[in-house]
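Student: Sequence:
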Amino acid sequence: MRRRRALRALLAALVAWMVAVLPSGAAPAAQPEGCGSGPSGENQVYLGAWIPAAHDDPRVSRGADPLGQFEAKAGKGVSILQRWEHWGLGPGGRIDIKWLRRVAEGGAYPMITWVPWNPELSNAGDQTGFLMRDVANGAFDGYIADIASEVAEWDGPIFIRFAQEMNGTWYPWGKHQNSPEEYVAAWRRVHRIFDERGAGHVTWVWNPSEKNHPETLGLWYPGDDVVDWVAVDGYNWDAPQYWQSGGNTWRLLDQVFRPSFDDMNTFVPADKPRMITETSTNERGDDAGKKAAWICDAFGRALPDALPEVRAVMWFDEPTNEGGWIVPWPIDSTEQSEAAFRAAVAAPYYVGSLGDVPMRLGRQKIPAP
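Throughout the sequence shown, residue numbering follows this note's numbering, covering 0 to 368 in sequence.
Hints were generated in silico from the structure; no laboratory data involved.
Some hints here could point you the wrong way.
Label pairs and their computed distance ranges (CB to CB) [what the hints assert, rightly or not]:
{"no.": "1", "residue 1": "E334", "residue 2": "T127", "range": "30 to 36 Å"}
{"no.": "2", "residue 1": "T127", "residue 2": "R362", "range": "35 to 41 Å"}
{"no.": "3", "residue 1": "F266", "residue 2": "D194", "range": "20 to 26 Å"}
Small disclaimer: the values here were computed from a predicted structure and weren't measured.
Here a beta-carbon is modelled for each residue, glycine too, at the ideal position from N, C-alpha and C.
Based on the sequences and whatever the hints tell you, model everything.
Tutor: In structure tokens, the structure reads:
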């Protein structure tokens with residue numbers, strides 16, 4: 000670890016010297032500290048993303064698809080691609096097997112975030128149509144069995160992230176309307192139905208939020224026998240209303256995630272893979288380079304050095320509307336942030352497109368890289 004830090008410091012000093020002494024136009028564009036040197040180490044990390052509408056239309060070429068556009072900016076493909084399916088929206092939370100195939104044949108593991116709500120209803124976070132106690136009591140067994148039967152016909156890999164961030168209060172399956180016991184019972188029932196219907200090859204991702212857990216996350220853990228990967232979501236909001244009042248609200252990646260993983264490490268076996276399933280950073284208006292520096296630090300230092308147990312990281316590449324505040328999460332919110340992301344993930348430590356590996360894996364659980 001010390002050797003890697005020394006190498007990065009030497010490279011940063013070399014870049015600074017070149018900028019200072021070379022004639023104008025001769026120096027390469029300087030990157031924020033931590034970019035370009037690339038982490039090393041025995042482990043590798045899957046590079047994944049949520050990219051709106053990625054692979055949704057099979058008629059669109061790879062280059063014109065949102066996935067291809069992201070890859071062009073990032074300079075690297077992704078090894079996990081995420082999609083949301085909502086039980087109470089549109090066709091009812093069906094899992095599109097054709098989409099799974101397109102993703103896997105394109106070189107990535109497909110991840111379905113499968114959630115029991117309709118996000119388009121007013122007061123969506125408080126709706127009561129799909130409470131965990133009702134799922135646990137069998138009210139949706141028929142629907143769950145239908146989906147499980149469809150997934151059972153898929154002869155490839157699939158992550159399912161069910162009812163994430165249950166320790167928060169912004170989704171209807173959160174702790175403001177459901178007890179930990181109800182959540183655990185619902186998870187175990189869903190898992191059992193999938194197994195009974197022949198979908199035992201699903202890789203299940205259990206995923207709390209880094210916010211809102213003064214109590215241990217272990218209260219919500221369904222058990223080692225029904226969880227394959229564990230994950231945490233978290234963002235550098237740089238906004239006091241989201242995590243603290245007053246003071247400096249800018250948090251580096253390990254400041255966002257380290258406390259949650261420390262808690263998780265007290266009840267989850269060390270050999271169960273860890274993942275960051277959603278992350279990004281806000282911009283700071285008074286410093287156009289701050290997001291770029293955050294990205295470089297996240298991939299150059301925080302993940303390999305401060306969060307070494309994390310084996311997959313997924314970028315949330317969509318701006319969100321938070322009560323009229325548009326948060327610029329995508330990698331290309333500025334030219335500096337796009338260049339930083341491209342440099343930061345270039346190292347082989349971050350695993351991009353997997354080629355034919357997902358399809359060759361077949362009906363097996365998805366392993367860590």
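Student: Confirm or reject each hint.
Tutor: Against the structure, the hints:
1. E334 <-> T127: 30 to 36 Å: 46 Å, violated
2. T127 <-> R362: 35 to 41 Å: 36 Å, holds
3. F266 <-> D194: 20 to 26 Å: Since the Cβ atoms of F266 and D194 sit about 23 Å apart, the hinted range of 20 to 26 Å holds.
Of the numbered hints given earlier, the model fails hint 1 alone.
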